[in-house]
Amino acid sequence: MLSGSCLCGGVRYEIAGRLTGALNCHCSMCRKAHGAAFRSRARVRAADFRWVRGEELLAWYESSPGTHRGFCRVCGSKLLSRFDRGPSAYGLPLGALDGDPGVKPALHVFVAHKAPWFQISDRLPQHAELPR
Amino acid sequence: MIRGSCLCQAVRFEIVGKLSAASHCHCSMCRKAHGAAFGTYAAAKAEDFRVVSGEDLIMRYRSSPGIVRTFCARCGSTLQWLRESKPEIVDIALGVLDDDPGVRPAAHIYVGSKAPWYEITGGLPRHEAGAVTQQGN
Numbered sequence: 001m002l003s004g005s006c007l008c009g010g011v012r013y014e015i016a017g018r019l020t021g022a023l024n025c026h027c028s029m030c031r032k033a034h035g036a037a038f039r040s041r042a043r044v045r046a047a048d049f050r051w052v053r054g055e056e057l058l059a060w061y062e063s064s065p066g067t068h069r070g071f072c073r074v075c076g077s078k079l080l081s082r083f084d085r086g087p088s089a090y091g092l093p094l095g096a097l098d099g100d101p102g103v104k105p106a107l108h109v110f111v112a113h114k115a116p117w118f119q120i121s122d123r124l125p126q127h128a129e130l131p132r
Numbered sequence: 133m134i135r136g137s138c139l140c141q142a143v144r145f146e147i148v149g150k151l152s153a154a155s156h157c158h159c160s161m162c163r164k165a166h167g168a169a170f171g172t173y174a175a176a177k178a179e180d181f182r183v184v185s186g187e188d189l190i191m192r193y194r195s196s197p198g199i200v201r202t203f204c205a206r207c208g209s210t211l212q213w214l215r216e217s218k219p220e221i222v223d224i225a226l227g228v229l230d231d232d233p234g235v236r237p238a239a240h241i242y243v244g245s246k247a248p249w250y251e252i253t254g255g256l257p258r259h260e261a262g263a264v265t266q267q268g269n
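Here the protein sequences line up with chains Z and W, keeping their order. Taken in order, the first sequence gives residues 1 to 132; the numbers are from the numbering used here. Taken in order, the second sequence gives residues 133 to 269; the numbers are from the numbering used here.
Calculated from the structure, these hints are not laboratory results. Since the structure is predicted, the reported quantities are computational estimates derived from the model, not experimental observations. Be aware that one or more of the hints could be misleading.
Below, a list of computed lysine to aspartate or glutamate pairs in the EDC-like style, where the Cα atoms sit at most 20 Å apart [claimed, not checked]:
#, chain 1, residue 1, chain 2, residue 2
1, W, Lys246, Z, Asp98
2, Z, Lys104, W, Glu251
3, W, Lys246, Z, Asp100
4, W, Lys177, W, Asp232
5, W, Lys246, Z, Asp122
Listed next, the stretches of chain Z that the computed footprint assigns to chain W, with coverage defined by at least 3 CB atoms under 8 Å from CB atoms of chain W [to be verified]:
#, region
6, 1-13
7, 24-32
8, 36-46
9, 55-68
10, 74-86
11, 109-122
Glycine included, each C-beta is placed from N, C-alpha and C at the ideal position.
Just chain Z, same shape as in the assembly (with noise of 0.2 Å):
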């Protein structure tokens, strides 16, 4: 069972599925959400996913029409993105998990995007913008 938790620990979540999916995404938009480099994400089944505690403390901002991501209002951790065109997988960014998922971000997206401060190093495959 995969779990991860806030910074303040006032929002817990379990896994009970797998991840899949995960990616790195230089977008804009996930670079300022996130006040990072780069978002780390993966996919995860709605039905996997499930708060143990602190549901009431999580705020939404909807960032496009249909997407919705999820933060901790106490320590403004980011912890989930929601999708209202596809309801039955959640986005989740990795830096929240206490544990190992066991799997490892595979390409970067949306590297036309990146910071100017940052340099990919690594050799993962890079996509100018999503790969179809």
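Once you've looked at the hints, dock chain W against the given chain Z.
For chain W alone, kept in the frame of chain Z given last:
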């Protein structure tokens, strides 16, 4: 002038001076706060830093004694890392900058706490814990 803003654009700030001492921090608190592989910060003089809009939306969370992390209450963007004993310095999360900060991260710090799913590559120095990094430019 270096400008920054959160994802929802409610919080906007400006830095009139130069940024210095940029580094990638892999500590577990930065990873959780950002929800990312690591946080990247650079230092500004507080006198050079000005909030242009949305000051009332800047939430403060004291993550350890004397350390405050800020974020936008509306969209959650991580903004700053502040040491209460050193109010003359503001550490800025580079991810929310709209302009090129000029400086480049010079080291990875707290690599002993890095995420198991992230491999550090490249030639920057790596420090097990915190290290004072001096950026030359």
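Results for each hint:
Between W:Lys246 and Z:Asp98 the CA atoms are separated by roughly 12 Å; this keeps the pair inside 20 Å, and the hint holds. Of the pairs offered as hints, the one joining Z:Lys104 and W:Glu251 holds, with about 9 Å between alpha carbons and a cut-off of 20 Å not exceeded. Note on W:Lys246 and Z:Asp100: the hinted pairing holds, with a Cα-Cα distance of about 11 Å set against a maximum of 20 Å. Proximity of W:Lys177 to W:Asp232 is assessed by CA-CA distance (about 17 Å); at most 20 Å being required, the pair is judged to hold.
A hinted pair counts as satisfied when its Cα atoms are at most 20 Å apart, and W:Lys246 with Z:Asp122 qualifies at roughly 16 Å. With 4 residues having a beta carbon nearer than 8 Å to a beta carbon of chain W, the region 1-13 of chain Z meets the requirement of three or more and the stated coverage holds. Using a Cβ-Cβ cut-off of 8 Å, 4 residues of the region 24-32 of chain Z lie near chain W, which meets the minimum of three, so the contact claim holds. Counting residues of the region 36-46 of chain Z whose CB lies closer than 8 Å to any CB of chain W gives 5, which reaches the minimum of 3, so the coverage claim holds.
Closer than 8 Å: that is the beta-carbon criterion, and the region 55-68 of chain Z has 3 residues meeting it against chain W, so the requirement of 3 holds. Under the rule that three or more residues need a Cβ within less than 8 Å of chain W, the assignment of the region 74-86 of chain Z holds, with 6 such residues. Counting residues of the region 109-122 of chain Z whose C-beta sits closer than 8 Å to any C-beta of chain W gives 7, which meets the bar of three, so the coverage hint holds.
In the structure shown, no violation is registered for any of the earlier numbered hints.
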